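These protein sequences, in sequence, are chains V and A.
Residue numbering for the first sequence is 1 to 356, as defined by my numbering.
Residue numbering for the second sequence is 1 to 503, as defined by my numbering.
These aren't lab readings, by the way, just hints derived from the structure by calculation.
Just so you know, not all the hints are guaranteed correct.
Using 20 Å as the maximum straight-line C-alpha spacing, the simulated SDA-like pairs for lysine to any residue come out as follows [to be verified]:
(1) A:K332 x V:Q226
(2) A:K344 x V:R222
(3) V:K231 x A:H363
(4) A:K365 x A:R379
(5) A:K332 x V:V232
The model shown is predicted, which means the values in this text are computed figures rather than measured ones.
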Amino acid sequence: MSRSVFRIVAIPFMAVVFGVLIGALLIVSQGGSPAEAYKALLVGGLGDSDAVLRTLQKATPLIFGGLAVAFAFKAGMFNIGGQGQLLVGAVFAAGVGFGIDGLPVLIHLPAALIVGAVAGALWGGIAGTLKATTGAHEVIVTIMLNFVAGNLTDWLAANPWKDNSGSNIVARTPLIENSATIPTFGAVPVGFLLAVSVSVACWLVLERTSYGFEVRSVGHNRHAAQYSGMKVGWIMSSTMAVSGMLAGLGGAVESLGVDGRFEAGVNVGLGFEGITIALLARANPLGVVPAALLVGLMEAGAARMQYKSDVAPELIDVIQALILFFVAAPIIIRWLLRMRHDNSEQVQLGAGWGKS
Amino acid sequence: MAETLLGAYKVRKEFPGVLANDDISISLRPGRILALLGENGAGKSTLVNILFGMYRPDDGHVIIKDEVVDLRGPDEAISRGIGMVHQHFQLVPPMRVVENIVLGAEPTRHGLVDLAEARRRVVELSERYGLEIDPDALVEDLPVGMQQRVEILKALYRDADVLILDEPTGVLTPQEADHLLGVLRELTETGLGIVFITHKLREVLAIADDIVVLRNGQVVGETRPSDTDESGLAEMMVGRNVMLQVEKSVSRPGEPVLEVEELEVKDDRGQIALDGLSFEVRAGEILGVAGVEGNGQRELVEAITGLRVPSVGVMKIEGEELTGESPRQITKKGVAHIPEDREKHGVVAIYSLAENTILNRYHRKPFSIRGILRRDVIRLHAQDVVDEFDVRTPSISVPASSLSGGNKQKLIVGREFSDDIKLLIAAQPTRGIDIGAIEFIHRRILEQRDKGAAVLLVSAELDEILGLSDRIAVLYDGKIMDVVDAQDANREKIGLLMAGITD
Ligand SMILES: Nc1ncnc2c1ncn2[C@@H]1O[C@H](COP(=O)(O)OP(=O)(O)OP(=O)(O)O)[C@@H](O)[C@H]1O
Ligand SMILES: [Mg+2]
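Chain V extracted, bound-state conformation:
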């Protein structure tokens, strides 16, 4: 048991180590001091309760985005539309958040979260249903839906739902009501706790329920799933809907817990980072949390790193890219560590590619 856990964790762990080491070389080549830079990064992400709060806040949408991608992976599909699903989740949650007042927190906040989740589920479900009924590849469809979602939410924020208070000229909604705002306990945002619970729930659904068994079966061997009487089309559409729901929840938590409103252009890129997180977690929902925390930490500490040691914050992006590279190409790490190849520990990640 412990040996197999080690095998599963070894690749992502080494990927991070190599990413950080090569990052250090880059810092040196720029005439900086890696020790100083990384120290500033850590202090910026963990140094005091504000820093921790920042890290947790950054990690929260990443957890949702990572779960969205990981869940779809399990059914052998590549949801590259986390961005679009997140945007619709964010804008509709904000819509409920500012558009209704006079509700108690216990009704208003869950309602806003649910509307965000449902919006994301519909957005993801479109791609899944098209795949199941017409064979349209989910990668293409979700990419296109990203554009639709981007324009739709921009338009909503700039026109019907625009904040018209004072002299505002930015495309953004009004601030949401207090009754729809996700509270914070000390340094721990409630959104983060929600994200952790959702990832545990995802794991339980996948590993312990008959629905999860169907999802995994479709992901590993669609023919065997069909032979076994599973409704492959329905499982594909529903999995994409769940995946979209997770991304939508991430967007909702951003609007309701971090930004306090929806603003066009603010959440750009979050959905794509979900792919990094899911790969780093090797598509395991429980692995998504530490992976998101790691990336969240880097992002939270980047500003301080730049301020203290004059290292460009883009270095963080480079390190992330390196980590992703090493995770996606585990052969390099095996070679570096002289690890023998062992088929049994391979996780199917790119199953959505190449198969019709």
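Chain V is fixed; fit chain A with the ligands onto it per the hints.
Below, chain A with the ligands alone, put in the same frame as chain V:
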């Protein structure tokens, strides 16, 4: 000339919980055919995978042309003249035959692939060895026998002087198998050596020069065809006397369970594969479907089990029309299905054995309750299947991919037999299974019949059809040529019908 073309010296290989090869030494000499024989899980595939550089032995050496080598991978084995035809072909289906054969060793001119030259060489090779093939056909359009030919040509193209074939005849029709044996014999005339794995004793006796028998990872015997016979080999393999032909009582057919009327089914390309088929299978009888592969057997099985929707016709089970219903609806009626292609339909390779034993029943009590899987029940069930069907494995938690081919098959049969069966659809139920296990599975099929199940047995093995069936339907070109009572059937009669000849 080398004494030992390819050999193993004290090779040992351990997988978690299994000693797959234990101190094995073998030696293949030029121009000879070495047959490896042994029960499912005895370690045959492991051994040849080591010889081909796919696994590294924990101990011992591989010998190529009298030289001890440390193979770093199949590439190195290939460059040293070893060719292997895997049971799962390593071809690129949408590419042409020539392209597949030269892939990775293309002749070039001015830095570009010289397809004309490649084609010329391929044609020459195939003529020289009597392996006729259309070099311009797409691999995906070829039947399995032809695809295998492409694999063999691929090895010969790379100047292999050793060919390793892991159960090459498992997927072939008897005619194709006979042809292959002839080709192999011819190949040895040029000095080529061949390692050949099979479960069919007839083939071993027909073609091998040397026979090595493995059991539990060890060499338990070496012999030659002239010194033994089928039952001698069977006893060496299994360590006991094996009944090569199970005894069966007279059937007492009851009501019709499966009724098929005017069934028309199209294949993947939209061509008519089954052309107005009508027949019935009664409770307590076995209807064998004989026929050269590709005459509609697959489509028939898929139509009855709900994997393919018939274009015309009616299919009834116990009087209830189920034409075009989903596999789940059909299973619910008490239909069990041993699929023809075990890797594609039968197992999920990375699932544990336990998960594989619930593939088509995970949604029911007692395996899940209100959508929650009950892992303790599942484990007990899996352990039962593994014990009862003698699936050789260190535990039920290992992935199905770690099972040997025949043990996967036993797992599937065990899963399908663990329910009350009204109708059993058995497609190639003993493909890849050793003779001891064949005897066992044949007994179990007869037991189901005697308990009142209707059995539709589809098999490319004439002996299996003749040995088990009560009636035999012969499929030819999507039609039933004739239905013969088993008492009136013999190899010749069925063989003629299979070729489409009626008198
Ligand atoms: N990759 C693997 N991981 C773990 N165990 C394995 C692996 N490959 C084979 N084994 C085990 O090693 C033993 C020998 O397997 P092998 O495939 O060599 O048998 P075989 O003689 O080819 O059987 P068959 O006739 O069924 O094909 C089996 O018990 C099998 O479960
Ligand atoms: Mg084998």
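Cross-check of the supplied hints:
Between the alpha carbons of K332 of chain A and Q226 of chain V the distance comes to roughly 15 Å, so the proposed pair stays at or under 20 Å and holds. Straight-line distance between C-alpha atoms of K344 of chain A and R222 of chain V comes to about 9 Å, which keeps the hinted pair within the 20 Å bound. Distance restraint check for K231 of chain V and H363 of chain A: the Cα-Cα separation of roughly 12 Å lies within the 20 Å cut-off, and the hinted pair is therefore satisfied. For the given pair, K365 of chain A sits about 14 Å from R379 of chain A by alpha-carbon distance, which is consistent with the 20 Å threshold.
This hinted pair checks out: K332 of chain A and V232 of chain V have alpha carbons roughly 18 Å apart, not beyond 20 Å.
This entry satisfies every hint, going by the numbered hints stated previously.
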